[in-house]
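*Asks:* Read off the chains here:
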Amino acid sequence: MVRENIRFSEKNITNDGTYFYCMLDGSQALQQKVDDGTVAFTYPLDTAVAGDIKALDWDGVYFWSLEDKAGGTGVVIRRWGIESFICKQQQKFQFDDGATHTYDSEAFAIEHYRLTVGTNINGTNYTVGLTDIELSDNSMLEPGDVCTFVRRNTSAAQRVGTGYVEQATVASTISGSSTQVRFTAQMQGDPHGDGKGFRGPEIDIDGLGGTNPPTPDEVFVTKYIWLANDHTPNNPSVPSLYKIRAASGSNIIQFSGAQYTGIAGAAFYTKYSMGTGLDDPLGGAPGSGNTRYRTTVVTDSSAGGRQTYILLARGSTLLFFNTSTNVIDRSMVMSNVKKDTIATWTIYDMVVEGLEPNIVLYRLQNGATYKNPSLVITDESWSGSYNYEKQFLRRVINSIAVVANPNIIPADGGSNSWITAVIRDQYNDTIPTGKSVNWSEDSGDVTSRLGSGTTVTDEFGVARNIYQAGTTEQDVKITAAVVNGLVD
Amino acid sequence: MTYENVRIQHGNFAVDRAGTDFFSMDHDNQRLVKKSAAGAVLFSFFLDMFILEVQSLQFDGYYYWTLERQGTAGFRVRKWEIGTDDLVRVVDELSFASGLVNRYDTYALAVEAYQDTLDNIVVAGQSVFDVVEGDFIRPGDVLVIGPSTAVGFEGEYAHTTVATKVGKTVTVTPPATISFSPNDIICFTRSLFVFSDAAPSGLTGALYKLRYTDGFHLALSVSNMFWGVRASTFFQGKVLFVRGGEIIWLNPDSLEIYRSQAIDNLDQYHAVHRTTYDLTGFSNMIYRLEREHIYWNVGYSRYDTEDWSPLYNYNTSPVVPEVYFVAVKAEPPILHKYVSGVPAVDTKSLITVTVLDQFHSPVYNRVVNLTSTGGALSPIQGTTDTNGQIRSEYTSNAFAGDVTIGATVT
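Top line first, the protein sequences correspond to chains A and H.
Residue numbering for the first sequence follows the numbering used here, starting at 1 and increasing by one per position.
Residue numbering for the second sequence follows the numbering used here, starting at 1 and increasing by one per position.
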């Protein structure tokens with residue numbers, strides 16, 4: 001099969017930034033793979049799961065799984081950590097069908113945040129002995145939240161029960177500061193073995209003038225579980241989205257509506273600030289290592305406030321549920337439509353990976369539609385495995401609609417037709433002013449009958465041109481192409 | 001078949017002391033069959049007692065140990081000895097029946113067995129002697145010394161019990177009944193390990209540590225980790241068992257994981273782990289008894305399966321750290337093709353190659369060569385750092401489509 005890649009045998013997937021994972025109920029193991037399907041490792045589960053894992057997520061420290069309760073009268077969400085080569089259950093939440101709630105779910109997302117240690121007091125950049133710690137962002141933190149500090153470059157297999165991590169409970173955020181956090185106890189961890197604790201940004205650690213800065217140590221916090229349920233409390237006929245506290249498993253609120261029907265894949269997406277200069281993974285020499293220091297959550301008042309979203313796959317549409325405003329404030333068309341342009345490949349699970357602006361959505365499917373080397377659109381179905389198809393969340397040109405007005409003109413050599421190309425991205429948004437569009441036509445005349453070979457888009461994302469009739473009656477095809485497919 | 005080797009009829013086997021021949025219990029013919037690594041039958045040793053199908057065969061250096069499954073009702077462990085008349089006799093038998101507390105559903109057995117060697121000549125009647133290693137022998141261990149290479153005693157064995165051990169000096173009772181030469185082998189067994197798919201309290205998966213003399217429960221560890229274990233052995237001082245795509249190494253005293261070793265037991269689709277039926281080890285090699293071999297079919301550029309059913313053959317897993325796994329990551333994995341007018345940063349991707357051994361440890365100081373089916377890489381070669389990584393920068397060309405970045409480790 002041409003498009004196969006990860007070759008998972010079961011319908012769940014997550015990613016730790018390097019490896020892909022799938023939880024196998026048949027083998028009772030967490031399987032770790034790279035994207036050509038090669039197994040890197042497997043971690044046996046220390047606790048049996050009851051059946052198919054419907055969804056898998058990773059919050060930077062722990063793995064989370066969703067499964068049907070044995071007997072199908074509810075769902076079970078488990079939190080797992082890899083310790084000493086074993087995937088050990090840390091916590092289990094069981095949601096039973098009852099008088100109020102009925103559970104039938106195929107998808108969930110874990111709302112979690114990746115922060116970094118900031119510049120701490122006395123300019124030391126270290127945390128040992130401190131209760132007040134600078135982080136890259138404190139806007140999501142509340143008293144009682146448990147933050148897990150992780151030494152940079154620590155693998156997912158070493159983030160539980162090792163000296164590379166330390167957990168601290170938030171006492172409060174510091175008034176007037178968007179970055180400082182007070183913890184309930186002094187930090188004690190010594191992950192680097194130098195007695196100084198966790199490290200913030202170090203610009204010139206190797207004495208090379210900051211050309212090879214390491215990533216600061218990371219901090220992870222998990223807030224909520226978002227469960228796409230086919231039922232609403234006291235109204236089983238309407239689906240809903242449950243917001244559940246991750247620490248306790250307690251139901252907080254449900255958002256109901258037909259828009260949550262048939263959600264098979266979900267993921268959490270946070271838009272972090274992009275950073276500049278040393279933040280840029282390609283801005284310096286390969287190996288600059290500072291690629292993870294993009295950890296301040298973006299707030300955009302023109303786009304729904306804080307940019308934190310639950311992504312919900314429905315048909316060929318990806319819905320963006322804003323966790324700040326609790327509304328769906330955008331949607332994106334996905335490339336999971338089959339070649340008949342009607343049917344879609346089912347999405348079983350999703351994972352969001354990468355750094356801004358190049359965030360990629362990986363969709364776990366049992367088939368894909370693609371252009372083969374001869375540019376023929378082809379459906380490929382996978383009967384023995386599930387693989388991912390990937391797609392940018394970054395804005396890219398998705399459609400160019402070319403309209404001729406009038407679209408029939410006499411072959412008099414003088415009549416004109418106004419040609420417009422309406423250009424939109426995958427969010428169905430128009431693109432900014434000034435995008436270059438190249439034009440071509442197939443009249444066969446030696447000199448193009450188009451007014452201009454290149455025009456630019458206006459403030460409505462529309463590029464315009466003019467076509468002058470020739471003297472031969474014929475169908476003429478006019479093509480518009482964008483030079484740079486990236487919108488931003 | 002291209003990849004067949006030992007051609008065993010049943011799902012149990014054990015390698016001999018020399019690492020050259022393999023034994024398997026054949027319940028159809030009630031015999032212990034000895035085969036070469038190429039599958040030739042070298043000898044058949046007939047049994048003095050009827051056996052059911054043997055799930056696991058273990059060799060402790062002198063005795064053969066079998067596990068016979070009795071459904072979920074229990075299991076039986078037998079200890080066998082090949083007599084000078086080539087008849088295989090049961091020396092000991094332990095039976096375990098499922099009850100309210102312990103429920104057994106077992107397929108895999110490991111016998112904690114050690115070897116040492118004599119440091120000097122030992123003459124008949126001598127009760128104090130030195131051993132070469134001395135790390136594992138404890139008072140109470142029952143030693144089997146032999147086969148003797150001393151003149152006049154060639155091929156004979158002595159059985160005795162350790163009374164005391166100080167350093168590398170061992171005092172045994174009764175004294176040696178025959179003489180030995182330096183480097184003659186000492187074998188001794190300490191515990192049995194049995195994996196069960198059932199467990200007390202309705203939990204799933206258990207590991208029982210049993211005293212080999214009477215089956216007394218020395219320890220019990222309950223975990224789903226021990227569920228579904230079909231193959232185990234004792235090797236290099238550790239209990240080894242296959243779980244999913246790993247051989248897990250356990251400390252026999254603490255029952256904690258010592259390390260975990262990736263094995264190539266996926267099917268041709270890279271999706272499902274194939275079953276390993278028994279394990280045995282020699283020197284720096286672990287032999288896995290399986291019914292299929294997956295190989296790269298060069299002619300078709302794909303993985304294929306060689307199905308050995310109804311026979312079993314071994315696949316191997318070396319324990320010497322080697323390059324096992326090369327991960328290539330592109331960040332970002334989607335980028336724009338090269339076109340004039342597109343910012344350069346949008347045509348570049350950071351390529352990170354990670355080289356790991358089978359124990360998931362980084363492999364340092366290895367040269368990695370990179371190839372691309374699309375744009376250019378810079379550099380195209382690197383040497384792994386202490387994290388087992390090299391990095392390169394990919395720049396796209398005018399091609400639009402899937403690009404494969406390949407990494408080969410020299």
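Rather than coming from a laboratory, the hints here were simulated on the basis of the structure.
No experiment lies behind these values; they were computed from the predicted model shown.
Even glycine gets a Cβ: it sits at the ideal position worked out from N, Cα and C.
Be aware that a few hints might be false.
[Unchecked claim] DSS-like mimics (lysine-lysine), calculated; alpha carbons at most 30 Å apart, straight line:
| id | chain 1 | residue 1 | chain 2 | residue 2 |
| --- | --- | --- | --- | --- |
| 1 | A | K88 | H | K329 |
| 2 | A | K390 | A | K371 |
| 3 | A | K271 | H | K34 |
| 4 | H | K34 | A | K338 |
| 5 | H | K238 | H | K168 |
| 6 | H | K238 | A | K338 |
| 7 | A | K88 | H | K238 |
| 8 | H | K238 | A | K390 |
| 9 | A | K390 | A | K339 |
| 10 | A | K271 | A | K243 |
| 11 | A | K271 | H | K348 |
| 12 | A | K371 | H | K238 |
| 13 | A | K339 | H | K34 |
| 14 | H | K238 | H | K337 |
| 15 | H | K329 | H | K34 |
| 16 | A | K243 | A | K390 |
| 17 | A | K196 | A | K92 |
| 18 | A | K390 | H | K329 |
| 19 | H | K348 | H | K337 |
| 20 | A | K477 | A | K339 |
| 21 | A | K88 | A | K69 |
| 22 | A | K371 | A | K339 |
| 23 | H | K168 | A | K390 |
| 24 | A | K477 | A | K338 |
| 25 | A | K196 | A | K243 |
| 26 | A | K477 | H | K337 |
| 27 | A | K69 | A | K271 |
| 28 | A | K92 | A | K69 |
| 29 | A | K371 | A | K477 |
| 30 | H | K329 | H | K348 |
| 31 | A | K88 | A | K339 |
| 32 | H | K168 | A | K371 |
| 33 | A | K271 | H | K337 |
| 34 | A | K371 | H | K34 |
| 35 | A | K92 | A | K243 |
| 36 | A | K371 | A | K338 |
[Unchecked claim] Computed far set for chain A versus chain H, every beta-carbon distance over 10 Å:
| id | residue |
| --- | --- |
| 37 | T47 |
| 38 | A99 |
| 39 | E142 |
| 40 | S178 |
*Asks:* Run through the hints listed earlier and report the numbers of any the structure violates, in increasing order.
*Replies:* Hints 3, 4, 6, 8, 12, 13, 14, 15, 17, 23, 25, 27, 31, 32, 34, 37 not satisfied by this model.
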